[in-house]
Structure formats: C-alpha cells, structure tokens
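Enquirer: Read off the chains here:
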Amino acid sequence: MTDIQGTRMAIGAIDGGKARPVRCALSPKVYSVLLLVAFLSLWEGAIRLLDVPQFLIPSVGDVAVALWRGLATSPLARDGFWLHSAVTLAEIILGYIAGCSFGLALGVAISQTPGLEAVLRPYVVAFQSVPKVAVAPIIVLWLGFGLVSKVAIVALITFFPVLITSLAGFNAIDLERIELLRSLSATRWQIFTKVKFPSALPYIFAGLDMAAAFAVVGAIVGEFVGAQSGLGVLLLQLDSAMDIGGSFAVLIVLSLMGIAFSFLIRAVQLRVLYWMPSEDTQRSINL
Amino acid sequence: MDNAADFIAIRGLSKIFGEGSTGEVVALKNVNGTIRAGDFVSVVGPSGCGKSTLLRILAGLIDASSGNVSMGGQAIHGTRRDIGVVFQNSILLPWRTIIDNVMLPAEVLGLERKAARHRAYDLLAMVGLAGFEDKLPSQLSGGMQQRASIARALLHDPRILLMDEPFGALDAMTREQMNLELQRIWSESGKTIVLITHSIPEAVFLGNMVFVMTPRPGRLERTVAIELPRPRTMASMADPEFVARAQEIRALFNAAGALH
Chain L
1079 MTDIQGTRMA IGAIDGGKAR PVRCALSPKV YSVLLLVAFL SLWEGAIRLL DVPQFLIPSV
1139 GDVAVALWRG LATSPLARDG FWLHSAVTLA EIILGYIAGC SFGLALGVAI SQTPGLEAVL
1199 RPYVVAFQSV PKVAVAPIIV LWLGFGLVSK VAIVALITFF PVLITSLAGF NAIDLERIEL
1259 LRSLSATRWQ IFTKVKFPSA LPYIFAGLDM AAAFAVVGAI VGEFVGAQSG LGVLLLQLDS
1319 AMDIGGSFAV LIVLSLMGIA FSFLIRAVQL RVLYWMPSED TQRSINL
Chain D
1098 MDNAADFIAI RGLSKIFGEG STGEVVALKN VNGTIRAGDF VSVVGPSGCG KSTLLRILAG
1158 LIDASSGNVS MGGQAIHGTR RDIGVVFQNS ILLPWRTIID NVMLPAEVLG LERKAARHRA
1218 YDLLAMVGLA GFEDKLPSQL SGGMQQRASI ARALLHDPRI LLMDEPFGAL DAMTREQMNL
1278 ELQRIWSESG KTIVLITHSI PEAVFLGNMV FVMTPRPGRL ERTVAIELPR PRTMASMADP
1338 EFVARAQEIR ALFNAAGALH
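Read top to bottom, the protein sequences are chains L and D. Everything in the first sequence is counted per the working numbering, starting at 1079 for the first residue and increasing by one. Everything in the second sequence is counted per the working numbering, starting at 1098 for the first residue and increasing by one.
No farther apart than 30 Å at their CA atoms in a straight line, the calculated lysine-lysine pairs in the BS3-like style are these:
hint: 1; chain 1: D; residue 1: Lys1232; chain 2: D; residue 2: Lys1211
hint: 2; chain 1: D; residue 1: Lys1211; chain 2: D; residue 2: Lys1288
hint: 3; chain 1: L; residue 1: Lys1272; chain 2: D; residue 2: Lys1288
hint: 4; chain 1: D; residue 1: Lys1288; chain 2: D; residue 2: Lys1126
hint: 5; chain 1: D; residue 1: Lys1232; chain 2: L; residue 2: Lys1272
hint: 6; chain 1: L; residue 1: Lys1272; chain 2: D; residue 2: Lys1211
hint: 7; chain 1: D; residue 1: Lys1232; chain 2: D; residue 2: Lys1288
These are calculated hints, taken from the structure and not from any lab test.
Work the whole structure out from these sequences, hints included.
Expert: This is the structure:
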C-alpha cells in the first residue's frame, strides 16, 4: 500500500469509516502537471497583457501550432520534424555508442597496464580541457557536412566522461575483495573480471549518464557549425526566418529526445545495477 | 624435526614491515609452532601481537622476512589451493546471489561446475542457509553473510581453514551461536582450523590448542592445550577446567603487560 493510499485510508477511518472517497493528498505527478498548466497560462496571459511582439516571444498557441505542423508533415518532408529528428537521433546514438565504447575500452586497457596511466594522464587532462565544441569546426572541415562529422563530434564529447569515470572505478580498489580473490590464487585477469569490473560499473554508469547529456549538446552544436539536416539545422533555419514559435517547438522536440535518451540509460542502469539500493544508482559521482 | 603428524610446522618465523626504515615494525619475532591435522587452533592476543600477520603468512598472502612455514612437509610459497580463508568481513560480492558467491572458488580454480554446485548447495545447508541460495547478500543478516562466507571457504574442500576474527563484526549473541555452529562444522568436516580471535573465552571454547600471542614484538608466548570434552556447550564455560585455562591465558597476558 502506498503512503498516499494509507493516508486516505487513515482519514477515512477518522471520518467514522464511511465509504466516502477522501481526496486529501494528490500524487506529486498531478501537481507537476498543474504547475505546467499554471506556467503556460501565465505565459499566455503575460504575452497578451504586455502585448509582447510575436518575433520576440511566441504565444503558447503559436508554439502549439508550429509543433503540430512539424509533426503532422510527412516523415520525409524537409520542413517537417521527422526527418531532422531522425538525423539528429542517428548522430546522437551512433556517436554515443562509438565514444562510450572507446572510452570504456581505453579505460580497461589503461587500468590493466601498469604505468600506462601515469604516462597518459597529462594528455588526457590536456585534451579534456579543450572544449569539444571548439574543436567542432575543425572536425567539420575534415569530415564534411554529412552525418560522419557530427557522429565524430558526439563520439569525442562522450569519450572523455566515460574514460575518466571508468578509470576512477577501476582505481577505486576494494582491497578486501582483491585479497579474497588472491587467497583463492586468482589470476590478474580473474581479479579484473570478477571484482574490478563489476565494482566499477556504478562509476561507469555515472559516466554514461553524463555522456548522454553531452551527446545531445554535441550533436546540436555540430549541426550549428556545419550540417545539411538535423534539428540544429532546422533551428537555425527557423531562427533566420523569424519563426520563433517554430524554434520553441523544435526545442520541445529536442528536450523530449534528451529526456527519452536519459531515461533509457537510467533504465539500463537500474537493470544492470540491480544489486544496489535504488537511491545509490541515481547518485552521480563527483570527480 | 618434522614428523608425519606435523601438518603445519612454523619454524623461526619473523616478519618485519618497512625493514630498514624509521617506521620499521616487527610484527612477528621468531614464532615456532606445530599444528597437527584435524586440530582446532585458536590464536588469541591483543592488537599488535601479529596474529593477523601470522594468518596472512599461513595463507600465502604475504611472505615471511625469515624462518619458514611448511604444510605436510612442503614449504609454503604463495597462496595454495588446499587452504580456505574466512575474513573478518564476509566480503560477499553484492552483485552475486549467495549460491554464486559460494561458487566463486570453483570458478577461480576451474573446478568441475556441476559437482561444485551440488557441493555448494550441500555446504549452504550445512551452515544453515538452505533456502537462501538465490538471495542477494544485502538480504541477509551479518551472521548469515558470515556463514555464507564459511561455506564459500569450504567449497574447494581445503584441508585447512584459516579464519581471521570471523565473528568480530557480529553482536555477542550471534557470536555465541556462531561458535556452536563452527564447532559443529569442525566436528562434521574433520578439517584443520586456525582461528584468530581477541576473545579469550572464544579461544578456549573452540580450540583444542590455544596459541597465546603477545605484542611488541609479536611472538608466540605459550601454547596451551585445552582438554575439555566435546561437544562443548555454553555450560562448558562454567567448567572449572575452562575457567582455569582462561585464567592461565589471562595471566600470561598480564605478565607480558598486554592487558591493563
């Protein structure tokens, strides 16, 4: 029985046990929706009252219309949302898989090779300090305006958090567990696969979470710098056409995409880290 | 001289940490002892007497600075497959079920899986955890986790079980319970057990021999034979022989200035 139901039952009992639906505390989700409704009403009201010009801030209605228009067009139409969303999504997913795989693989290699980390550390720190978005124009120059350059940018931007967190995870030695494996005459590789890697998973997932957020940013910035299609390109087109309502609609689509992606990673995380208490899986690790 | 009955022979064992530096610690000095097959040896002493160091040398986890340890006539060089170790914390891997945790030695040592799994089930039943095989460690109490770690230490059927204050993290009542359980496991399996503790009553209750170790430097002060009949119960602790042995051990610590 949830707390909410319990509260309802309790108050029902105080009322003399009459079978009356008691509405006391609402679920937080309902309040969130009410908040959104209130916010949108405030927005619409402010726009009308203060007579804000259309090209500065669109009304809720305009955004809704633009959103509908974008989604209602056929998937292949260049002025619809579907084509551009598909391109951006492809960039995000491909780049994410590539970047995270390389980051994790390098993390494994470095942690298993004694001395390598010390040698590579200054370079990792140096590259990490360069804002990846600053590298975007060069990558577009090298790899062109197509999908590949954006995938590369997303891969680059997701590579570092996963590398850093997986290294942190492998280095967070649990001496006890290692001693246990040693007492069983385990090899270095066995110690890695049976203890070090599973112990590092919470850290690795912290990196994957961060990378998921960065991936969306990377794709959009890459498209800003140079692309033929994608939500970032659409955003620029709508901005230059002064269709701010349309821009807002694209932003809504983008945030939904980001939310869905993040949600997916979290769901995988909960599944893989089934053994951790759920509060801990959501905790991000400060580096 | 080592004869056939000497199972573990410890000769002139010394261990110095940080040798030559200013922080040099003489953890063990010239320890000599003999453990026969099937013995239950309690090693008792206060902090700093080197008992954990001794156990780690027996387990092959660290090397001695001088002297040697031999098992069945063979000198120890590193970890061995015929030793099982139980640590103070159960160190169960939290992402594995209890049965998979107990199976860990089989995986590492490459034992035949089906037979090992069968044995794992039997061991869990023996330590009183039947029905908990598919639970996660977080779902078990401290005492149950430690029992699981004992089952794990026995999976590869080691001749010798080394236990480093295995019940130290448990509450007093569970501890008494576990002492009875351990006595039962020892009599049923017939293994040689070396148990480290800082509880004199626990040492006398469990062991048929008690190694009394004193600190600074860590050394084996005396070996005390416990000739109480088995199986011992909580009532045995009131037996005059029990009290006498415990007093004898306590007196040794007092004489060495180890107790205040």
